[in-house]
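Numbering of the sequence shown is given in UniProt numbering, commencing with residue 1 and proceeding in unit increments.
No lab work stands behind these hints: they were computed from the structure. These numbers come from a predicted model, not from an experiment. From the three backbone atoms N, C-alpha and C, an ideal C-beta is built for every residue, glycine too. Incorrect hints may appear among the rest.
Cβ pair distances, simulated, as ranges [as the list claims (entries may be wrong)]:
hint	residue 1	residue 2	range
1	G226	A362	32 to 38 Å
2	M353	Q89	44 to 50 Å
3	A244	S50	35 to 41 Å
4	I81	D106	21 to 27 Å
5	D373	T75	41 to 47 Å
6	L220	P57	43 to 49 Å
7	K372	E319	47 to 53 Å
8	P85	G226	23 to 29 Å
In silico EDC-like pairs for lysine to aspartate or glutamate, Cα to Cα no more than 20 Å straight-line [unchecked claim]:
hint	residue 1	residue 2
9	K248	D373
10	K172	E199
11	K372	E221
12	K248	E294
13	K372	E229
14	K372	D251
15	K172	D134
16	K172	E77
17	K97	E22
18	K227	D376
19	K172	E78
20	K372	E258
21	K172	E221
22	K248	D376
23	K248	E258
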Amino acid sequence: MMYNPLAPVSDTAVIYHEVFNERGFSRLTRSWERYRVALLKFRELALIDSNYDPANPPEINSSGRVSVYHPVQATIEELSIVHDPAYIQFVIEMDEKGEGMFDRNDTPAWRGIYRRAAMAVGATLLGADLIATDRVKHVFNPAGGLHHAQYDRASGFCLFNDIVMAVRRWQKQYGFERIAILDVDGHHGDGTQNLLYHEPILTVSLHMYDGRFFPRTGTLEERGSGKGEGYCLNLPFPRFTTDAEYLKGFDLALEAVERYRPQAIILQYGADGHYTDRMSGLKLSTRAYEYVAEQTHALAHRACNGRLLVVGGGGYEPEVVERCWAILLAQLAGQKTVSAAAYTALHDPLTDMPQPNPDSIAQSSQMLSLAKDVLDSMNLR
Numbered sequence: 001m002m003y004n005p006l007a008p009v010s011d012t013a014v015i016y017h018e019v020f021n022e023r024g025f026s027r028l029t030r031s032w033e034r035y036r037v038a039l040l041k042f043r044e045l046a047l048i049d050s051n052y053d054p055a056n057p058p059e060i061n062s063s064g065r066v067s068v069y070h071p072v073q074a075t076i077e078e079l080s081i082v083h084d085p086a087y088i089q090f091v092i093e094m095d096e097k098g099e100g101m102f103d104r105n106d107t108p109a110w111r112g113i114y115r116r117a118a119m120a121v122g123a124t125l126l127g128a129d130l131i132a133t134d135r136v137k138h139v140f141n142p143a144g145g146l147h148h149a150q151y152d153r154a155s156g157f158c159l160f161n162d163i164v165m166a167v168r169r170w171q172k173q174y175g176f177e178r179i180a181i182l183d184v185d186g187h188h189g190d191g192t193q194n195l196l197y198h199e200p201i202l203t204v205s206l207h208m209y210d211g212r213f214f215p216r217t218g219t220l221e222e223r224g225s226g227k228g229e230g231y232c233l234n235l236p237f238p239r240f241t242t243d244a245e246y247l248k249g250f251d252l253a254l255e256a257v258e259r260y261r262p263q264a265i266i267l268q269y270g271a272d273g274h275y276t277d278r279m280s281g282l283k284l285s286t287r288a289y290e291y292v293a294e295q296t297h298a299l300a301h302r303a304c305n306g307r308l309l310v311v312g313g314g315g316y317e318p319e320v321v322e323r324c325w326a327i328l329l330a331q332l333a334g335q336k337t338v339s340a341a342a343y344t345a346l347h348d349p350l351t352d353m354p355q356p357n358p359d360s361i362a363q364s365s366q367m368l369s370l371a372k373d374v375l376d377s378m379n380l381r
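Full structure from sequences and hints, please.
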């Protein structure tokens, strides 16, 4: 990954490429608007340069409060560090064909999918490099967070696992040994967990689970194996979980990460747990996502000199995603970079808040009690 080492240092950066705006999976046509509308929101709030043009970008734009970096796509050699070379070739062939399914009726192929998937990985790798070389403290790649991708197959709209590739980049090129992954997507990060299950890399996932909801994994009993035993923590919430119970679980997740003493943190910031999102049964508000961003940011500064790589993950309602992502960037760059009125307007109306579900509260309380026991048993030294 190439970037200008003489560029001005900024605490926070966004990695962006126009290819992120291109047509995606046909069944999610509307959701692909999220990249375009989020960029417009960042410009509107002056988080990035108001004149930034993704169609004609410089390698680095550091005129705004948040710098914008332009990535290059990951190479086949880079992808092969995590994925089966035969599978990578299969993705290339499916791209050329421009039709068909990567898996059982879930992840369709389309012409241009390889470039877009490899660019998303390239953006995450660039972010990992920027953080490891102290060019920035915090990086956000909205197109990253492809946590369902497995070693040799696609899953859940994810082709290549950029999260694990960032882990490998930090391990191999920078000597990082203790990396924490915190995943708040509405779906369990099964690919990330599987690829790291036998290693002492901390993976913590908060997600909806009822035994049937995709990907049907992420139970309390999944705790790692071999050298990775005790380095995997799942917090499986019932359908209709609202902010109060969820954030109790998030506090447990923060405790696990802090005890682990990471050298860097990756936050998968999937916004599909929002109460308006049709792809998840969680009922979270923007205030929950604000808390996640605020507390993870603070923890990164306490635990690992601010090293925090954030990837976008899920979120299929563009109007919600743009607000969650703007809240995230404002938290990373310093909330005072946005006017109080503009920041308040990013939140859901208080009159629209979902009501707590008594059955969900009872199930969450029981799960959190068991999760606390699991956390207490984890040897995170």
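Here's how the hints hold up against the structure:
At about 36 Å, the CB distance of G226 to A362 agrees with the hint of 32 to 38 Å. Take M353 and Q89: their Cβ atoms lie about 49 Å apart, and the range 44 to 50 Å holds. Range check, A244 to S50: Cβ separation about 38 Å, and the 35 to 41 Å hint holds. Our hint of 21 to 27 Å for I81 and D106 holds, since their Cβ atoms are close to 25 Å apart.
A beta carbon spacing of about 44 Å between D373 and T75 agrees with the range 41 to 47 Å that was offered as a hint. Take L220 and P57: their Cβ atoms lie about 45 Å apart, and the range 43 to 49 Å holds. For the pair K372 and E319, the beta carbons lie near 36 Å from each other, so the given range of 47 to 53 Å is not met. For the pair P85 and G226, the beta carbons lie near 25 Å from each other, so the given range of 23 to 29 Å is met.
With a CA separation close to 14 Å, the supplied pair K248 and D373 stays within the 20 Å bound. Restraint check for K172 and E199: satisfied, since their Cα atoms lie roughly 14 Å apart, inside the 20 Å limit. Using a Cα cut-off of 20 Å, the hinted pair K372 and E221 holds, with the two alpha carbons roughly 13 Å apart. Between K248 and E294 the CA atoms are separated by roughly 15 Å; this keeps the pair inside 20 Å, and the hint holds.
Taking the CA atoms of K372 and E229, the gap is about 17 Å. The hint holds against a cut of 20 Å. Restraint check: the Cα-Cα separation between K372 and D251 comes to about 11 Å, which is no more than 20 Å; the hinted pair holds. A threshold of 20 Å between alpha carbons decides the hint, and for K172 with D134 the separation of about 17 Å falls inside it, so the pair holds. Between the alpha carbons of K172 and E77 the distance comes to roughly 14 Å, so the proposed pair stays at or under 20 Å and holds.
For the hint pairing K97 with E22, the CA-to-CA distance comes to about 18 Å; that is within 20 Å, so the pair holds. The hinted pair formed by K227 and D376 meets the criterion: a straight-line CA distance of about 18 Å does not exceed 20 Å. Distance check on the hinted pair: K172 and E78 sit about 12 Å apart at the alpha-carbon level, within 20 Å; holds. For the suggested pair K372 and E258, the alpha carbons sit about 15 Å apart, so the restraint of at most 20 Å is met.
About 30 Å separates the Cα atoms of K172 and E221, which puts this hinted pair outside 20 Å; it is violated. Straight-line distance between C-alpha atoms of K248 and D376 comes to about 16 Å, which keeps the hinted pair within the 20 Å bound. A distance of roughly 16 Å separates the Cα atoms of K248 and E258; the hinted pair therefore holds under the 20 Å criterion.
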